[in-house]
Amino acid sequence: MEALHPRIRILWIAQRAITALVLGLVIAAVDRWVIAVPTVIILGTVALVLALGIVYAILLYGRWRFELQDDALYLERGVVTFVETAVPFVRVQHVDTQFGPIERALGLSSVVVYTAGSRNADVRVPGLTPERARKLQDTLRNLAVESEADDAV
Amino acid sequence: MNTPHHLHPLSAVTIALRGGFIGFTIPFFLVSIASGIFDIGSPAWGLYLGPVGFAIGAGYGIAYYYRFEYELTENTFDVSSGVVSRRSREIPYRRIQNVDVRQGVLARLLNLATVSVETAGGGDTEATLSFVSESEANRLQRDIRRRTADRGDSSIPTGPESGRVAKTTTEVSGLRAGDPLPEPRSAHVGGPRSSEGASDEVSEPSFDDGTPDLLFDLKPRELLLYSFTTLRPAAAAGLFALFFFFSESAIDILLTTARPFGGPAELTEGTTTSYGILGLVSIINGIVVTYAVSVAYTFATYYGFRLGRADEDFVYERGLLQRYSGSIPAEKVQSVTVTDNPVQRAIEYAGLWVETAGYGPDTSGGSKSAVPLARSRRVYTFAENLTNVETPRFTSPPPLARRRYLVRYSIVAAVFVALAFGLSLVSPLERWYLAAIVFGVVPPAAHLKYVHLGYYVGDDHLVIRRGFWRRRTTVIPYYRVQTISNRRSIFQRRLGLTSVVVDTASSRTFAWAAPTIYDIELENGRAVASTARERLQTALSERRANEDEAGFSVDFT
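One line per chain: the protein sequences are A and B, in this order. Sequential numbering from 1 applies to the first sequence in UniProt numbering. Sequential numbering from 1 applies to the second sequence in UniProt numbering.
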C-alpha cells in the first residue's frame with residue numbers, strides 16, 4: 001500500500017485555512033453590516049475551524065492509502081466515513097493528471113480516474129509527485145487497454 | 001437515403017412562434033428596466049420595439065428551422081443545428097442507449113412527435129428532434145435501433161462462432177420496432193435467413209411483417225391497481241405550485257369544505273376551535289386531492305402500457321393523452337429492479353424496472369418500467385428469466401444492524417420531542433410530553449427497516465434488497481459492476497459493520513441511490529467486494545470466449 005506525499009498535508013491545511021479565512025470574513029461582514037458580533041467569537045470560530053482542519057488533514061493523510069492490485073486500483077480513505085474502493089481496470093474510461101495553483105506551488109499533482117459509474121464516477125488520487133502521477137497515469141492506461149473489454153455501457 | 005433531413009414544416013411554425021414570443025417580450029422587459037431604474041426612454045417604446053422583436057425572433061426561428069438538419073449515416077446519427085454558431089454532432093450508433101418518441105395531445109392531433117436520442121454520457125439528452133412527423137419518428141426509431149444492433153454485431157471479430165453471429169445479424173435485419181404492437185402471437189420470430197446487410201429487409205418475404213412480439217401488456221385491472229397503490233410525491237409538489245398561483249380560489253375551496261364541519265365562515269373571523277377544524281379538514285382535503293391527482297397521473301401515464309421485443313431490443317409504448325414509445329437495447333440494460341410498496345406487498349403485486357445508462361422521459365432517470373405492476377410471483381419469475389439469476393436466498397444483516405436503527409430512530413424521536421418542548425415555550429402548546437408517543441413507533445420502524453434488508457451473492461449476479469416504503473430488489477450482473485466500495489461511518493466502525501456500495505453505469509438520480517448492502521459485518525462486506533471483483537473477471541473472460549452471450553434474455557415473460 002502506498003501513502004500520499006507528506007506535502008499533501010500542507011495543501012489540505014492551506015485549503016482549510018482558506019475556508020476558515022472566508023468564514024471569518026463572512027462573520028466580519030455580518031458584524032459590520034448586520035449585527036454586532038464580539039471579536040472573540042470571530043477569532044475563536046476561525047481558530048476552531050482552522051484547528052479542526054489541521055487535525056482532519058493529519059488524520060486524513062494517515063489513512064489515505066492506494067495500491068495497484070491484480071485487477072483493480074484499490075483505495076482507502078476517509079476520516080468520518082472510511083471508504084475502501086476498488087476500481088477494476090476494465091472499467092477505467094480515461095485517466096487525467098491535474099494540478100491546481102496550490103498543488104503546483106507545492107510540486108504536487110493528482111490522478112483522476114473516470115469510470116462510467118454514476119457514483120464515485122471520478123476517483124481522485126491526490127498528493128502525488130508529478131513523476132509519480134505521470135507513471136500512475138501511464139500504468140493505469142496500459143492496464144485499462146490491456147484488459148480491453150468493452151465498457152459495458 | 002443518406003440525405004440530410006429537416007424537421008417537420010409545422011415545427012418551423014412552432015419554433016418561429018416561440019422565437020417571436022421571446023423576441024416580443026424582451027423589448028418590454030428591457031424598456032421597463034431602462035425607464036424604471038435608469039430613467040432612460042419611456043415604457044411606450046415597448047409598443048414599437050415589441051413587434052420588431054417579434055419579427056427578429058420569428059425570423060431567427062425560421063432560420064433555425066432551415067439550419068437544423070439531421071441525417072442517418074452509415075456509422076453515426078448526425079445532427080447539425082444553430083444559426084449563428086453551428087454545432088454538428090455525430091452520435092455513433094453503438095453508443096446510443098435508447099430512442100424515445102413522445103407525443104403530446106396537440107402533437108397527436110397533428111401527427112407530430114418528438115424524438116430524443118440518449119447516450120450514456122452527459123446529463124442531458126444528446127439529440128432532440130421536435131417535431132418530426134409520426135411516421136418519420138417511427139422510421140427513425142426503427143432505423144436507429146436496427147443500425148445500433150448491426151453495429152453491435154459487426155464489432156465482434158469473426159471466429160469459430162461466426163456462423164452463429166451471422167445468424168443473429170440476419171434475424172436483426174428482418175425486424176422493426178416502433179410499429180404498433182400487435183396482439184400476442186405465438187409465432188416464432190425471424191427464421192434463419194440468407195442475408196448479411198440491412199438492405200434486403202423489405203424484399204424478404206416472410207410471415208413476419210416486421211412487428212415486435214408482445215411480451216407484456218398491462219391489463220385494466222393491473223392499471224387500476226397500479227394507479228391506486230402508487231403515491232407520487234410529485235403530485236404534492238404540483239398542487240403546492242397550483243396553490244401559490246391560485247391561492248385565493250384555493251383558500252375559498254378549503255373554507256367551503258371546512259364549513260359543514262364547523263370551520264370559520266370567513267378566513268378573518270373564527271375562533272381557535274374553528275381554525276383548528278379548518279386546519280384539520282384542509283390537511284385531509286390536501287391528502288385526498290394529492291392522492292386523486294397522483295392516481296389520475298399514474299393512470300394517464302401508464303394507460304395502454306405494452307412491452308414488446310424486437311430481436312434483442314425491448315420496445316414499449318404507453319400514455320393516455322401524451323403517448324410515449326421507446327426502445328431499450330437488451331445489451332444496454334445495467335440492472336433489473338423489482339419494486340413494491342407496503343400496499344402492493346399486501347395484495348402480492350410488484351413492478352419490474354430496468355436501468356440503463358441513458359436519461360429518459362421518466363422522472364426516475366435511466367430507470368424504465370418494464371412491467372408497471374403484476375402479480376409478485378410473475379414479476380419475480382420475469383426478473384429471474386430476464387437476468388438468468390437463480391432464485392435468491394437472501395442473507396440478512398446481523399441483528400446488530402437493527403440495534404443501530406433503533407438508536408438512530410430514537411435520536412430522531414428525541415429531536416421531535418425536543419422540538420415539541422421548544423414549541424411549548426414560545427406558543428400556547430400544552431402537554432408537549434405527549435409527543436413522546438413517537439417513541440412507540442421506533443421499535444417497529446427499526447424492525448421493519450431491518451427485515452426488508454437482504455442480499456444474495458449469486459453465481460453471476462448480486463441481488464440486493466432494501467427499503468420498506470418502496471422496497472427495491474435489484475439484480476446486478478457482476479459484469480455490470482463499475483466500482484465497489486465498503487463505506488464505514490464512525491458509528492459503523494465501532495460496531496464492526498460496513499455498507500457495500502455497488503456502482504453500475506445506470507444514471508445518477510436522487511431518488512434511486514446506488515444499490516447498497518447496508519450494515520453487514522466487515523468481513524462479509526469485504527468478502528462480497530472481493531467475490532464481485534473475482535466474478536467480474538470471470539464473466540469478462542467468459543464473454544471473451546463466447547461473444548454471443550447477451551447477459552439478458554429478452555424473452556422473459
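Possibly wrong hints are sitting among the right ones.
As the list claims (entries may be wrong) - One side of the interface only, derived from the structure: several residues of chain A facing chain B at Cβ under 10 Å:
#1 A14
#2 R16
#3 A17
#4 L68
#5 D70
#6 D71
#7 A72
#8 V79
#9 V83
#10 E84
#11 V90
#12 T115
#13 A116
#14 G117
Since the hints were made in silico from the structure, they are not lab data. The C-beta atom is built at its ideal place from N, Cα and C for all residues, glycine as well.
Hints, one by one, checked against the model:
At its closest, the beta carbon of A14/A sits 26 Å from a beta carbon of chain B; the interface hint therefore is violated under the 10 Å criterion. Interface hint at R16/A: violated, since its Cβ lies 19 Å from the closest Cβ of chain B, which is beyond the 10 Å cut-off. For A17/A, the shortest C-beta to C-beta distance to chain B is roughly 25 Å, which exceeds 10 Å, and the interface hint is violated. The criterion of a C-beta within 10 Å of any C-beta in chain B is not met by L68/A, whose closest approach is roughly 14 Å, and the hint is violated.
Because the smallest distance between the Cβ of D70/A and any Cβ of chain B comes to about 9 Å, under 10 Å, the interface hint for this residue holds. Satisfaction of the interface hint for D71/A is found here, the shortest Cβ-Cβ separation to chain B being roughly 5 Å, below the 10 Å cut-off. Annotation: A72/A was flagged as interfacial toward chain B, and the flag holds, the nearest CB pair being 6 Å apart, inside 10 Å. For V79/A, the interface hint holds, the least distance from its beta-carbon to any beta-carbon of chain B being 8 Å, beneath 10 Å.
Given the 10 Å rule on beta carbons, the hint for V83/A holds: about 5 Å separates it from the nearest Cβ of chain B. Hint on E84/A holds. Least Cβ distance to chain B is approximately 4 Å, under the 10 Å limit. The restraint placing V90/A at the interface with chain B holds, with a minimum CB-CB distance near 6 Å, inside the 10 Å limit. The beta carbon of T115/A is positioned within 10 Å of a beta carbon in chain B (closest approach about 5 Å), and the interface hint is therefore held.
Checking A116/A against chain B by beta carbon gives a least distance of about 4 Å; that is within 10 Å, so the hint holds. Taken as an interface hint, G117/A checks out: its beta carbon lies about 3 Å from the nearest beta carbon of chain B, inside 10 Å.
In the structure shown, a violation is registered for the earlier hints numbered 1, 2, 3, 4, in ascending order.
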